[in-house]
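With the hints as extra help, turn the sequences into a complete structure.
Number of protein chains: 2
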Amino acid sequence: MTSLQPQASSLSFELDAKDGAARAGILQTRRGEIETPVFMPVGTAGTVKGIRFAELEAPDLNAQIILGNTYHLWLRPGIEVIRACGGLHNFIGWNRAMLTDSGGFQVWSLAEIRKVTEEGTEFRSHIDGALCFLSPEISMEVQGVLGAEIAMAFDECPPGQIDHEAAKRSMELTLRWARRSKEAHVAQAGSLHHRQALFGIIQGASHLDLRRESLERTTEIGFDGYAIGGLSVGEEKPVMLDIIEDIAPRMPADKPRYLMGVGTPEDLVESVARGVDMFDCVLPTRNGRNGQAFTSRGKLNIKNARFTNDTRPLDETCACSVCQRHSRAFIRHLYLAGEMLASILLTHHNLAFFLDTMKRVRQAIRSGQFAKFRREFTEQIHSGLE
Amino acid sequence: MTSLQPQASSLSFELDAKDGAARAGILQTRRGEIETPVFMPVGTAGTVKGIRFAELEAPDLNAQIILGNTYHLWLRPGIEVIRACGGLHNFIGWNRAMLTDSGGFQVWSLAEIRKVTEEGTEFRSHIDGALCFLSPEISMEVQGVLGAEIAMAFDECPPGQIDHEAAKRSMELTLRWARRSKEAHVAQAGSLHHRQALFGIIQGASHLDLRRESLERTTEIGFDGYAIGGLSVGEEKPVMLDIIEDIAPRMPADKPRYLMGVGTPEDLVESVARGVDMFDCVLPTRNGRNGQAFTSRGKLNIKNARFTNDTRPLDETCACSVCQRHSRAFIRHLYLAGEMLASILLTHHNLAFFLDTMKRVRQAIRSGQFAKFRREFTEQIHSGLE
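Residue numbers (our numbering), protein chains in the order written: chain A, 117 to 502; chain B, 117 to 502.
Partial list, computed: chain A residues near chain B (C-beta under 10 Å):
hint, residue
1, R192
2, T424
3, D426
4, V438
Hints were generated in silico from the structure; no laboratory data involved.
Predicted, not measured: the structure shown is a model, and the values here were computed from it.
Here a beta-carbon is modelled for each residue, glycine too, at the ideal position from N, C-alpha and C.
Okay, structure coming up:
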């Protein structure tokens, strides 16, 4: 049997400041340094929707790491195409760091699940209805070909309001899959172009005792980092924050803590306050395509008639290339005319706002001003648009 | 009655090289110099579809002038919004030169025409079916508010295969409208923020005698430049090139010659060879959105299965930012996945190819090598993809 002792990690993580439970640090990958807390734009099908990679690298965004979705890429274009094109970085033309999820969440949220067995999950593709099967071993193999710096263990993601018994059953399955993910990951390490880091995922739905047990037993297996999965999936927001507040500080202090799929700018700041280091979320891109801008004074719905002649930028305090050039009136016109540029500009601004917020979070932690930052940020974001 | 004597023009045009009938020159506007022959990307509704303005300004495109469509902007967002936002340049955030068409062509191609009278055209909006009326005076007023450096006279654009009698009737109407456009333009000049140049449009369908008459009588009215309208609207390609070959050299040599709405890269080169200075066309943007790339070796349909694993750029000889970074395989994947980035990348590359072709055309004319360039360009574009 393959040893489960961790190999020399391809990832190093060093904390350089703490302020309350909030932490600032550096995650070092072979593709460069990532300052934490970090927000990772979601690049579902090999593209962060609506934005060019050069813009993600530009100073006003400067995304250090993006996420790729194993489920989407596995189904289309398929792993043989990505292998033939030299892995995901080469295929899409992105040289900075990447993290791939395991596919577990997308199977739950997008596909029609046919059967969850001990072996894995049988489901129908949301693209063409084809019958597919995903397991820890297959997820690790696919993620190995994708070749991101960070891979995720294959988990089952239950609904937020699942009862204790079902949540425990699901958690136990996720734990067994975590061990199999680790074994498969270690077994294939030698055949990979480079050693990927592997993160374990803490499940347990809204049940704190299960969350604690999941954390303890996932930590026993031993991963390069730990994620909180299965939040923001239907539970109430205070429930989510309570779980984060309880679980995050118990997670290994010397490893990155990643809150999956969360959330609004306020969620990010509140979760950092509870000790989280890494985030991803589709909100800035998805809501951008739907006409919503995130600003320092809350959400702005560009469809609103009040912006018809409004020559101000989306956010008057924003330094992004969109706010430096374009008005609310113009973006509203583009949106109503169905022009692609509306999505492009709103996506860019939203990502800039999320990434800039995290930059300010890091600065606040490093200067011991995080509590003040958090208070002012929260007050301002609830103050309403001018 | 208002004088029809030309005012001091806001536009100066100077030829600095000739090679056969091909001309190279400089069109000077208050918003900078435009080297001709020039291709103008089409910014229909205040956006060149699928591309950010910063990309149009980047070195690999460096578009000096873009086109705005009066018809579209008049209907949406409407002229009061654009007036309130300080004119079209301010509204969209573009500081380089612009040309607006008169709306005549779009009424013909998009709207449901109700009635063409001496006074103007009554039609139903393609957006909401609203009854609208456009005349030379209204077009001039709208174009005055838009505030482009170059405005176009309001014309009637008949179908390509219209018979001689109907074409003559339409041409006569266009001539009367040209005079009224000029009068309205002169009358409002004092009230405008800056003096716009006004171009007249030569019509006459496929009838050479009418084209010549239209040219002569349009020139008599006197404009800052002259356009050939009503081509590439259903007539055969040799008919189009014959008309250009006959008409372009007869157009005033000291004014810019603009061929409206044409065409493929080959059409551009062939029309330059016949003496044309300015072009606009939706092909690079529209075909880009439909998965077609223009390359130095002809058209490339990105949907084609042969590109599945093709790690080469769209065009191996292209220096644009897309070809420097992304493969055919990746763009094909994006296109099949319905990702916006496919349109963005194909649009960018296509515009780069059109604009770079015109740059090479100018260099060839200036170095007396245009005939050689034309021959090699044509041979290569018909040689087929590797």
